[in-house]
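Undergrad: Protein chains in written order, with this note's numbering: chain A, 140 to 237; chain B, 46 to 166; chain C, 60 to 170.
Incorrect hints may have been included.
Below are the DSSO-like pairs computed for lysine-lysine, each with C-alpha atoms no more than 30 Å apart in a straight line [unchecked claim]: (1) C:K155 to B:K102; (2) C:K68 to B:K51; (3) A:K194 to A:K146; (4) B:K102 to C:K139; (5) A:K185 to B:K50; (6) B:K123 to C:K139; (7) B:K50 to C:K129; (8) B:K123 to A:K231; (9) B:K50 to C:K68; (10) A:K146 to B:K102; (11) C:K165 to B:K96.
Hints in this document: simulated from the structure, not taken from any laboratory.
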Amino acid sequence: MLHIINKSPLTNGALDSCLRVAQSGDILLIEDAVVAATTGNVCAAKLQEAMGRCKVYVLQPDLDARGFGDRLLEGVSSVDYGGFVELTASNKNCQSWL
Amino acid sequence: MSEVKKFMFVNRKAPYGTIYALESLEVVLITAAFDQDVSLVFLDDGVYQLKKGQQTKGIETKNFSPAYRALDGYDIEKLYVEKESMEARGLSEEDLLVDVTVLSRAEMGELMDQQDVVLSF
Amino acid sequence: MANIEVDGKSYETDEEGYLINLADWNADVANYIAGTENINMTEQHWEVINFLREYFEEYQIAPAVRVLTKAIGKKLGAEKGTSEYLYGLFPYGPGKQACKIAGLPKPTGCV
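Chain A with its partners taken away, still in its complex shape:
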C-alpha cells in the first residue's frame, strides 16, 4: 500500500498516525510533508525508525521548492512526478492522509 502525506508533521498528526498503523509498504511525502525527510528535522528519527518497515519517498520538486534539495535524509528515495505516478501504479491501493 502507498501512503501519501502532504502536511508538515510539525503542525499535523497525519504522518504520526500513518507511521503508527502502517506495517509495511511505501510512504510518499509531498508538499509540506517533505520537511519530515530533511536533516536536522525533529521528525527525522521516527522516520528513520519507520524505514525498517516501510520504504520512504519524497517528491523532489517539493523539496527543491522549499530550499531543501540538498538536505534529504539518508535512506529516503527521491522521486519526480513520473516516479509519483509509478508508485501509485505499482501499489495495490493508496491512501492520501488528510
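For this one, chain A is given, so just place chains B and C on it according to the hints.
TA: Then chains B and C, alone, in the frame of chain A:
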C-alpha cells in the same frame, strides 16, 4: 454487475469543528446504495464522532451522531476503532454510541492493506 | 426560497417545495403538500409518512428508499415492504415524494 470492491472510509477528524465528519457520513450513506464492501475506520480524533451524548443545541448545529446508529439498516456493519486512539482520549467502548470492533495499530494497518479503495476524511 | 400558504399561515420551503423548518410540519401542511403532488392521502399513505417521521426522529436522516422499503416491511408487514407497494402510494418515489409530505429533507443520495 461488476465485482464487489472493498471500500474503506478513514475518519480522523472530530465532529463540528470541521465539515469532514459530516461529509464522510454522507458519502458513506450514498456508497451504501452500491452494494459494496464498506468499512468505516475511526482513528485519532475521528473517534470523537462516535461519542455518546452529543448535544449540539448550544452551537446551533445539527447533531448528526444519531445517523451512525442507522448504518446498520444500511447494511454497513463494519465499524472499526483503533485502540490507542480511543484510549488516548480517555474513552472506552461504553462511551461510543454504536458497537465497534477495536483494533490494535497493527491490525488496523493490515486491514488498510486489504482494501481496494481507501478514502480519507 | 419559496412559501406555501395553508389555512392563512405561511410556511417557508426550498425551491423544490421541501419544508425549511421541520417544526412547521403538521397534518394540514402534509395534506396540502400531498395535494400539490396530486396525492390523495389515505390511511396507507399516513402509515408511511408517520414511519418516516419516526425514523427521522430517531436517526436524524431520511432513509434511502432501499432502507425505507426494508424497514417498512419489518414494521408494517412484508407485503408493504416492496417498492411496488411504496411506488404505488408515491409514484414519484417514496424517498422524494413521501419525505416532502412528511416535512423532511430529501434523503441523502437521492437524485
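Undergrad: Tell me if the straight-line CA distance from K50 of chain B to K68 of chain C falls inside 30 Å.
TA: 51 Å, violated
Undergrad: Hint check: K68 of chain C vs K51 of chain B, CA-CA at most 30 Å. Holds or violated?
TA: At roughly 51 Å apart (the allowed maximum being 30 Å), K51 of chain B and K68 of chain C break the hint.
Undergrad: Decide if the proposed pair is consistent with the structure: K194 of chain A and K146 of chain A, CA atoms, cutoff 30 Å inclusive.
TA: 18 Å, holds
Undergrad: Does K139 of chain C lie within 30 Å of K123 of chain B when you go C-alpha to C-alpha?
TA: 29 Å, holds
Undergrad: Going straight from one Cα to the other, do K123 of chain B and K231 of chain A come out at no more than 30 Å?
TA: 21 Å, holds
Undergrad: K185 of chain A and K50 of chain B were given as a pair; does the straight-line alpha-carbon distance stay at or below 30 Å?
TA: 34 Å, violated
Undergrad: Decide if the proposed pair is consistent with the structure: K165 of chain C and K96 of chain B, CA atoms, cutoff 30 Å inclusive.
TA: 26 Å, holds
Undergrad: Just to be careful, I want the Cα atoms of K155 of chain C and K102 of chain B compared with a cutoff of 30 Å; is the pair within it?
TA: 28 Å, holds
Undergrad: Does K139 of chain C lie within 30 Å of K102 of chain B when you go C-alpha to C-alpha?
TA: Distance ~37 Å between K102 of chain B and K139 of chain C Cα, so the pair is violated.
Undergrad: Holds or violated: K146 of chain A with K102 of chain B, Cα cutoff 30 Å?
TA: Status violated; Cα separation ~33 Å.
Undergrad: Holds or violated: K50 of chain B and K129 of chain C, Cα atoms, limit 30 Å.
TA: Holds. K50 of chain B to K129 of chain C sits at ~23 Å (cutoff 30 Å).
Taken one by one, the earlier hints fail for this structure at numbers 2, 4, 5, 9 and 10, listed in ascending order.
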